[in-house]
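Engineer: Below are the chains, spelled out letter by letter.
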Amino acid sequence: MAGHLIRMRQAPSLAEAVPEAVPKAVPTSIARSEAPSHNQPHRSSSSEQALSADVAPAGGAQSFAEAYEAHFDFVWRSARRLGVPDASIDDVVQDVFVTVYRRLSEFEGRSQLRTWIFGILRHTVRDLRRTQRRKPTEAFSHEPESRDGGPHEATIQREGTRLLHEVLETLDDDQREIFVLAELEQMSAPEIGLALEMNVNTVYSRLRAARQSFEAALKRLRSRDEWRMR
Amino acid sequence: MSELSPETRAWIDAAGRGDAPRAEDRARIRQKLALELGAAALASTAVVTVTAHAAGGALPTGATLAVGKASAGIGLFAKLAIAATIAGAVSTGALLSMSAPAQDGKVDVKPALSVRKAALIERAAPEAMAEAPVVEPLALEETAQAAPIEASAAKKALAPKHSDAKPVARSNSQIAEELALLREAHIALREGRLADAVARTDELATRFPNGVMREERMAVALLAACAKGSVEGAELAAFLEKAPESPLKARVESACEGK
Chain A
-10 MAGHLIRMRQ APSLAEAVPE AVPKAVPTSI ARSEAPSHNQ PHRSSSSEQA
40 LSADVAPAGG AQSFAEAYEA HFDFVWRSAR RLGVPDASID DVVQDVFVTV
90 YRRLSEFEGR SQLRTWIFGI LRHTVRDLRR TQRRKPTEAF SHEPESRDGG
140 PHEATIQREG TRLLHEVLET LDDDQREIFV LAELEQMSAP EIGLALEMNV
190 NTVYSRLRAA RQSFEAALKR LRSRDEWRMR
Chain B
29 MSELSPETRA WIDAAGRGDA PRAEDRARIR QKLALELGAA ALASTAVVTV
79 TAHAAGGALP TGATLAVGKA SAGIGLFAKL AIAATIAGAV STGALLSMSA
129 PAQDGKVDVK PALSVRKAAL IERAAPEAMA EAPVVEPLAL EETAQAAPIE
179 ASAAKKALAP KHSDAKPVAR SNSQIAEELA LLREAHIALR EGRLADAVAR
229 TDELATRFPN GVMREERMAV ALLAACAKGS VEGAELAAFL EKAPESPLKA
279 RVESACEGK
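Chains as they are written, first to last, in our numbering: chain A, -10 to 219; chain B, 29 to 287.
Wrong hints could be hidden among the right ones.
[Unchecked claim] List of simulated lysine to any residue pairs, SDA-like, C-alpha gap at most 25 Å:
| # | chain 1 | residue 1 | chain 2 | residue 2 |
| --- | --- | --- | --- | --- |
| 1 | B | K256 | A | K208 |
| 2 | B | K256 | A | T120 |
| 3 | B | K277 | A | K208 |
| 4 | B | K270 | A | R195 |
| 5 | A | K208 | A | R195 |
| 6 | A | K208 | B | T36 |
| 7 | B | K277 | A | D79 |
| 8 | B | K277 | B | E219 |
| 9 | B | K277 | B | D224 |
| 10 | B | K256 | B | Q202 |
| 11 | B | K277 | A | R195 |
| 12 | B | K270 | A | R122 |
| 13 | A | K208 | B | E231 |
| 14 | A | K208 | B | P237 |
| 15 | B | K256 | A | A76 |
| 16 | B | K256 | A | R122 |
| 17 | B | K277 | B | A266 |
| 18 | A | K208 | A | T159 |
| 19 | B | K270 | B | E231 |
Bear in mind the hints are in silico, worked out from the structure with no lab data behind them.
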């Protein structure tokens, strides 16, 4: 395990991979307008607004420690949703934040900080997937651990999360990334475009396709699971 | 534009809850980053906060400070750096508070520091050591008590339960040297320079056979050996026996499985 991950770290640097080219745009939510769900990053008090995921700090103004505290949850859950196996999640998240640490002074605030960080995560995960394709050692998905109390609730939660990951894994890389950012993180189309280095029109069209693929895969896999339980 | 059905949206919301990290996940990664990047990288939040509140009133010796839940996830190095910062500020009469996403943990801070703790802290935040008094060598239990939530991790790192080695009073510079070598080994391992990683761990074993970071040194050596496919079963067994509760145990077992 350590071997292939070490090879991943030896891949070309992420120096040219971090999106900062598109100027910051006014966020326009493309997801539902309901109250923020649990999937949203923690909303801190007004006195800690500088640490809020929605605020784009000026380059260099936010410390690495602040960035870590503010965005760890986002990186962790996004890595899981992008299909990083349990055995690799620590290394992937650590790699992302090491890169954040080394390059934080270069962040110019032209996008949200978490958008910039997602760009780093995206390339880290894609590098890992390329390594996995060359030398498959484990399925690029995993059995999520129980996060709720009580055996019954834990089983339901675990099964739901497992199925979510399985459905996401049926999407191609672009669709999966767009779907995770739009439907699970409620990120705006312009920010998604910055994160994934594509224009807004492309974001909308690919999201439409991702939604259709997701619904179809969910229906299919649910039918499969129901058939298995007969 | 096609939209997801309300039922699918609700289902996604519920299923996605299982992806949230646990406090121990955050703490574990923090610890790894502190090892790789140095405690200063992750201790900056505490330093900034201390500075911002330095004009406040005096804090009695041994006062209990409110520390947010997030700090429970702070790794050993950062925690010790924070403790030293607090200790240093206490002695200079600064009022401290630590901001964090949640606020329900408490830490009792004693101004006295062991030699071992002092050395680790000096490396991370040398300015905080200017005022903190150093009392006695290797007061390991004191270290564990200072961070109750992560007490077990602190104990394991500084006082291996199954070690039969006698505690040795070390100078600050010796501990700093040991930490520097361990960091070099860790970075070499991450970058795939296995020979360098092995060379650094061999040097650590020679110069600091009973060093404060012995468990971590053994773990890095095993990870490098497993990556090379040349691990010896006896070495792996010795590590697992001597450090059964090491936070690195799971990673070593995973990396060395089948090797």
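Engineer: Give me the numbers of the hints this structure contradicts, sorted from smallest to largest.
Structural biologist: 1, 3, 4, 10, 11, 12, 13 and 14
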